[in-house]
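Novice: Chain by chain, the residues run as shown.
There are 2 protein chains.
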Amino acid sequence: MSTDHGRVINFGAGPSALPLSVLEEAQTGLVNFAGTGMGIAEISHRSKEFQAFLDGFERDIRTQLDVPPTHRILFTQGGGTGQFSAVVLNLLARYKLLRPQASAEDTVLDYVVTGSWSKKAAEEARRLGGSTVRTVVDARVYSKDGKAFDNIPPHAEFAFSADPALIYYCENETVDGVEFAHDAQSPAAFPFHLLPQNTLVPLIADYSSSFMCRPIPRLADHAVIYAGAQKNIGPAGLTVLIVREDCIVDVDAAAKLGAAPVPLILSYKTLADSGSLYNTPSVLAIYMAGLVVKRMKENGGLPYYEEVNRRKANKLYAAVHEGEQKGVFRRKVQQGSESWMNAVFEVLGEGAEKKFLDGAEKEGMKGLKGHRSVGGVRVSLYNAVTEQEVDKLIAYMARFLAESASVEAAA
Amino acid sequence: MSTDHGRVINFGAGPSALPLSVLEEAQTGLVNFAGTGMGIAEISHRSKEFQAFLDGFERDIRTQLDVPPTHRILFTQGGGTGQFSAVVLNLLARYKLLRPQASAEDTVLDYVVTGSWSKKAAEEARRLGGSTVRTVVDARVYSKDGKAFDNIPPHAEFAFSADPALIYYCENETVDGVEFAHDAQSPAAFPFHLLPQNTLVPLIADYSSSFMCRPIPRLADHAVIYAGAQKNIGPAGLTVLIVREDCIVDVDAAAKLGAAPVPLILSYKTLADSGSLYNTPSVLAIYMAGLVVKRMKENGGLPYYEEVNRRKANKLYAAVHEGEQKGVFRRKVQQGSESWMNAVFEVLGEGAEKKFLDGAEKEGMKGLKGHRSVGGVRVSLYNAVTEQEVDKLIAYMARFLAESASVEAAA
Numbered sequence: 001m002s003t004d005h006g007r008v009i010n011f012g013a014g015p016s017a018l019p020l021s022v023l024e025e026a027q028t029g030l031v032n033f034a035g036t037g038m039g040i041a042e043i044s045h046r047s048k049e050f051q052a053f054l055d056g057f058e059r060d061i062r063t064q065l066d067v068p069p070t071h072r073i074l075f076t077q078g079g080g081t082g083q084f085s086a087v088v089l090n091l092l093a094r095y096k097l098l099r100p101q102a103s104a105e106d107t108v109l110d111y112v113v114t115g116s117w118s119k120k121a122a123e124e125a126r127r128l129g130g131s132t133v134r135t136v137v138d139a140r141v142y143s144k145d146g147k148a149f150d151n152i153p154p155h156a157e158f159a160f161s162a163d164p165a166l167i168y169y170c171e172n173e174t175v176d177g178v179e180f181a182h183d184a185q186s187p188a189a190f191p192f193h194l195l196p197q198n199t200l201v202p203l204i205a206d207y208s209s210s211f212m213c214r215p216i217p218r219l220a221d222h223a224v225i226y227a228g229a230q231k232n233i234g235p236a237g238l239t240v241l242i243v244r245e246d247c248i249v250d251v252d253a254a255a256k257l258g259a260a261p262v263p264l265i266l267s268y269k270t271l272a273d274s275g276s277l278y279n280t281p282s283v284l285a286i287y288m289a290g291l292v293v294k295r296m297k298e299n300g301g302l303p304y305y306e307e308v309n310r311r312k313a314n315k316l317y318a319a320v321h322e323g324e325q326k327g328v329f330r331r332k333v334q335q336g337s338e339s340w341m342n343a344v345f346e347v348l349g350e351g352a353e354k355k356f357l358d359g360a361e362k363e364g365m366k367g368l369k370g371h372r373s374v375g376g377v378r379v380s381l382y383n384a385v386t387e388q389e390v391d392k393l394i395a396y397m398a399r400f401l402a403e404s405a406s407v408e409a410a411a
Numbered sequence: 001m002s003t004d005h006g007r008v009i010n011f012g013a014g015p016s017a018l019p020l021s022v023l024e025e026a027q028t029g030l031v032n033f034a035g036t037g038m039g040i041a042e043i044s045h046r047s048k049e050f051q052a053f054l055d056g057f058e059r060d061i062r063t064q065l066d067v068p069p070t071h072r073i074l075f076t077q078g079g080g081t082g083q084f085s086a087v088v089l090n091l092l093a094r095y096k097l098l099r100p101q102a103s104a105e106d107t108v109l110d111y112v113v114t115g116s117w118s119k120k121a122a123e124e125a126r127r128l129g130g131s132t133v134r135t136v137v138d139a140r141v142y143s144k145d146g147k148a149f150d151n152i153p154p155h156a157e158f159a160f161s162a163d164p165a166l167i168y169y170c171e172n173e174t175v176d177g178v179e180f181a182h183d184a185q186s187p188a189a190f191p192f193h194l195l196p197q198n199t200l201v202p203l204i205a206d207y208s209s210s211f212m213c214r215p216i217p218r219l220a221d222h223a224v225i226y227a228g229a230q231k232n233i234g235p236a237g238l239t240v241l242i243v244r245e246d247c248i249v250d251v252d253a254a255a256k257l258g259a260a261p262v263p264l265i266l267s268y269k270t271l272a273d274s275g276s277l278y279n280t281p282s283v284l285a286i287y288m289a290g291l292v293v294k295r296m297k298e299n300g301g302l303p304y305y306e307e308v309n310r311r312k313a314n315k316l317y318a319a320v321h322e323g324e325q326k327g328v329f330r331r332k333v334q335q336g337s338e339s340w341m342n343a344v345f346e347v348l349g350e351g352a353e354k355k356f357l358d359g360a361e362k363e364g365m366k367g368l369k370g371h372r373s374v375g376g377v378r379v380s381l382y383n384a385v386t387e388q389e390v391d392k393l394i395a396y397m398a399r400f401l402a403e404s405a406s407v408e409a410a411a
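Quick mapping for you: the protein sequence lines, in order, are chains A and B. Residue 244 in the UniProt record's numbering sits at position 244 of the first sequence, with consecutive numbering throughout. Residue 109 in the UniProt record's numbering sits at position 109 of the second sequence, with consecutive numbering throughout.
Which stretches of chain B does chain A cover? Using the computed rule of at least three CB atoms under 8 Å from a CB of chain A, they are: (1) 5-12; (2) 24-35; (3) 80-90.
Once the Cα atoms are required to be at most 30 Å apart in a straight line, the calculated BS3-like pairs of lysine-lysine come out as: (4) LYS269(A) x LYS369(B); (5) LYS48(A) x LYS369(B); (6) LYS269(B) x LYS256(A); (7) LYS269(B) x LYS120(A); (8) LYS119(B) x LYS256(A); (9) LYS354(B) x LYS392(B); (10) LYS120(A) x LYS48(B); (11) LYS48(B) x LYS362(A); (12) LYS256(B) x LYS256(A).
Computed beta-carbon distance windows for the label pairs: (13) THR63(A) x LEU98(B): 48 to 56 Å; (14) ARG311(A) x LEU97(B): 52 to 60 Å; (15) ASN198(B) x GLU123(A): 36 to 44 Å; (16) LYS256(A) x ALA318(B): 48 to 56 Å; (17) LYS354(A) x ALA52(B): 18 to 26 Å; (18) PRO100(B) x THR63(A): 53 to 61 Å; (19) ARG311(A) x GLN51(B): 33 to 41 Å; (20) GLN51(B) x THR63(A): 35 to 43 Å; (21) GLY129(A) x LEU20(B): 45 to 53 Å; (22) ARG46(B) x ALA410(A): 33 to 41 Å; (23) GLY351(A) x GLY258(B): 52 to 60 Å; (24) GLY129(A) x GLU361(B): 47 to 55 Å.
Just so you know, these hints were derived from the structure itself, not from any lab. These figures come from a predicted structure and were not determined experimentally. By construction, the Cβ of each residue, glycine as well, lies at the ideal position given by its N, Cα and C atoms.
Looking at chain A on its own, in the form it has when it is part of the complex (with noise of 0.2 Å):
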């Protein structure tokens, strides 16, 4: 049932699981950091010590990722919903400064909506105002029952502005558990083909439940990518920001030609300036996730994941197939758009689920349940879940497939 100091299998959606050898160097660092005689809980985040550990994360990222000399690597606090304002008052006020006579109603930011994460986004714009909100596309037109988050849409149907201030779209959707296709040729992969040609494209992705599960395709495209750290790499009260440096611009210029003031902690100019240090950063959630990105890069970095993580969705996705041609499950994902981080299914019959549940926590695997809003059964598959632990769940899903047949049988 247990692994090490009692340890369950977690496929909880996030805050999530963390390899166990990082906690444990994480347990030294607690005390003492570094040699310092410190923890890195005590320690100054101006000592020479923290800012070479800083330095030292930032170069994990943009080896891992290729992050290319025009983009910086920043790091603040406020997670995704911090983002959410972030990305619409820099970019507004980005495009104040590039367009300085255009009104709100010309002043359009374009979101796609795949989901509940980036639905929210879209709302947080609009509470903001100072522009107009266009919804590019909505992915529940495209739904099976015409309500529900279960696909990315036909490429035809995302007609992106033609001078838009800002592109929102959200990589995976971990509530939903849609995702973007990472092969190019896919009809679910982001139509970047169709984005405007006629200037540096002001395209944000929010990769927060996706941040180094395998490369980000056309990285050098976008202009902001946002990550929480509570998916795959870190502790919660970390987000990672990867912003192209037309995207940090003087926000106090901005709002003296009538941009929305940028609250300090929100400002990418006041992150960039500082080296991420404006003021005392998340040094904890910092440490931890700085080891398990350094762990990555032993591992073999992200080809090693991606290679992992594929294996782990398709093994997976076989077995929900499996026992939805039974009868027992039913994916609540379109075939082409499933995220490999976060699968959702159903099971079927009344107290079925409840059953699959309690029997796999009974098994030591926990954090299975859908979310509160919309249900079912989500598996989430992020590095730390080893493909040990996705066949033994897998096992155990074969398991309830054969009882569920002989009860059906014995009925």
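Place chain B on chain A using the hints.
Specialist: What follows is chain B alone, placed relative to chain A:
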């Protein structure tokens, strides 16, 4: 030179020392929290185990600080700098709902400027616009040299506005070592008696570096008290808020009347309505701070810490005073306005300060260098710094004085 785990004595200003017993407990929690089989950084913030911990944390603060039911305790991210903006935006929204017709000119924000942090807070209010930012009093005017923050100004100089949207002060100025006295009779106490009496006073206090080092005078008369955790109670990445109910306002309704929109993560209403769980909080920082305040309660609560902190501060200032009489040290802050938490002084003579700091470091006492903006020596005396550790520093200071005297005698 070192204690258990090779640890040194940490007099740093923040992030700063934490109790070793808490760090050791956190080592266990990192791999298995509350018997869940998951580490604290890996567990869902919506799990019943985390909710129970969060409730206990809130209770331990409420009980020890005697927070009345009129005030909510909220947890967020972004530190004091985040609150520089948040208090302004939320209180401007409140004022707009109370006085919808007031122009920006008539919307007055009163700032008491006694040091680097309150100065920065006032600057952020000016950046955000939509109001008239007034400096009620600037302590530099009353300084020995006309430019240093070295005092709490005379009460006669605190001329508050009649109907301000907020009144802001910083209880303890970490950089400058200036603090309001807690003895209500002291001329350096905050002049609560001069506040406007016509309404629920919108009094804001930054308690970042003195939070939970002793009781908060007139807590119930405050509209908002906030504190970054990384001084007395925990790691960086957690901000604690105590907010009176009338300051938790419908910021969207205020925006419709013309107030500035408030980004979701800065809205007190969003935090309050969700029990501080609108989005994923900094679980790990909350956990460690929760352990600290629980341990404080077990040790006797604030009366115990107040007494110990008083003794620590008194004996340290006595040692500085002795050095001053011998012409070796010089106090930077005027008598009566000295901080209990951050004692700042100079070591006189060429190269003497470096010698003092190097000598201390050799004996395992670190973090004594003053803030880069003001120089000198700064001794931070937060809760986790023991009286025994202060005694060790004082013994070192006495030896340093003796040595200086013999050098002088020889010269």
